Amino acid sequence: MIRYAAILLCIIMAVVAVLLWHYKKRLRASEQSLLHRLLALHDIPVHARVTVIRIDYSHAAFKSIDEWLSTHASPASGTLIILLDAPEWLCGIKRKSWGNHATVLHAPQSHPAWSALIQPGYTVAEWSHSRMRRFTDQQLYLNHITPHSPQTDQEVI
Amino acid sequence: MNIMAFLIDTLLAAMFFLAAFSKLGSSFADFRLSIASYRVLPKQLLTFAAGSVLFMELALFLLYGSGLWFVWKDSLAVLLFAGFTIMLLRKRRIQENEDTSCSCFGQIEALNKYPVIRNVILMLLAGGRMALPERAPQDMDSAMLALAGITVIVSGTMLLELYSSLKRSKEISIDL
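So the protein lines, in turn, are chains A and B.
Residue numbering for the first sequence follows the numbering used here, starting at 1 and increasing by one per position.
Residue numbering for the second sequence follows the numbering used here, starting at 1 and increasing by one per position.
To be clear, the hints were calculated from the coordinates, so they are not data collected in a lab.
Fair warning: there could be bad hints in the mix.
[Stated by the list, open to error] Within a straight-line C-alpha distance of at most 27 Å, the following computed DSSO-like cross-link-like pairs (lysine-lysine) qualify:
#1 B:Lys167 <-> B:Lys113
#2 A:Lys25 <-> B:Lys167
#3 B:Lys43 <-> A:Lys63
#4 A:Lys63 <-> B:Lys91
#5 B:Lys43 <-> A:Lys24
#6 A:Lys63 <-> A:Lys94
#7 A:Lys25 <-> B:Lys170
#8 B:Lys113 <-> B:Lys91
#9 B:Lys91 <-> B:Lys167
#10 A:Lys96 <-> A:Lys63
#11 A:Lys24 <-> B:Lys170
In this text, all values refer to a predicted model and were calculated from it rather than measured experimentally.
One chain only, chain A, in its complex shape (with noise of 0.2 Å):
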């Protein structure tokens, strides 16, 4: 009897499988649809690899991400976007000092969307390769991840 009861419970594990992989994939389709139509919205070139990540000045953090971002050039293979929670003038600055690599965005005059994009609980969304990974901390995120390379200006010729 329990024999066929753990059988029966096994198909319904595949079933179950199956049918996550299916909605799964569906729900990654439709994320990217929605992150191309934001870019496109806003004229930015959609690149291999794009970048949300969303920072908020008031954070402890912001000095030392502030001071990585204008300092690291972001690779020409890339789309940049950042989400800056900050009173406007502020985003201005940045705009400036962050480089043309990177699209800066008013936080909340923002479109909804990109919010939901990164999902609640994360600071950063990440596409690159048919691959899409989230991340908690933009700090760590920054450091590890992004390859990146010393401005070029500091050469001596």
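Using the hints, position chain B against chain A.
Same frame as chain A, now just chain B:
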């Protein structure tokens, strides 16, 4: 006595599976980074450490699900909980101004709150389990029962994940 043993085993098996499941796939990279925030390991060992934790959680899930390795797995579980708690307390001491909840269960917020109390409870359960009788499957029927328990835990977790994926699908269908 045996029912108590079975219940505790099942509860611990479920906890370990939930912990492992929340670190699979796209969450693994984030988990690996969260180990970096504890500042105990050099960069090169992060992937190995993250993989080891995941492996041990899956192994303990199977061991508690099947009832094998009595006393050994319970001792290992107690050591693991103790180790995680010590590291968490150490991280809190180092970084007093940042939020230091643990990411042991990924996005399952209810289990991530009060991690120290949670770990202590689990440690007591695993420790106390050793005082109860062993549960290793002796015959086909008890082996099938263990298998049934394991599939229920896995299916239940996947159903929860399926539910949250469907909910998220709705949130994502936004008209720009």
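Evaluation of the provided hints:
Distance hint between Lys167 of chain B and Lys113 of chain B is fulfilled; the C-alpha atoms sit about 23 Å from each other, no more than 27 Å. With a CA separation close to 14 Å, the supplied pair Lys25 of chain A and Lys167 of chain B stays within the 27 Å bound. Pair hint Lys43 of chain B plus Lys63 of chain A holds up; C-alpha atoms about 23 Å apart against a cutoff of 27 Å. This hinted pair checks out: Lys63 of chain A and Lys91 of chain B have alpha carbons roughly 21 Å apart, not beyond 27 Å.
Of the pairs offered as hints, the one joining Lys43 of chain B and Lys24 of chain A is violated, with about 31 Å between alpha carbons and a cut-off of 27 Å exceeded. Taking the CA atoms of Lys63 of chain A and Lys94 of chain A, the gap is near 12 Å; set against the 27 Å cutoff, the hint holds. For the hint pairing Lys25 of chain A with Lys170 of chain B, the CA-to-CA distance comes to about 15 Å; that is within 27 Å, so the pair holds. At most 27 Å may separate the alpha-carbon atoms for a hinted pair to count; Lys113 of chain B and Lys91 of chain B meet this at roughly 16 Å.
For the hint linking Lys91 of chain B to Lys167 of chain B, the alpha-carbon distance of about 34 Å lies beyond 27 Å, and the restraint is violated. Simply put, Lys96 of chain A and Lys63 of chain A have alpha-carbon atoms about 16 Å apart, close enough for the 27 Å limit, and the pair holds. Distance hint between Lys24 of chain A and Lys170 of chain B is fulfilled; the C-alpha atoms sit about 13 Å from each other, no more than 27 Å.
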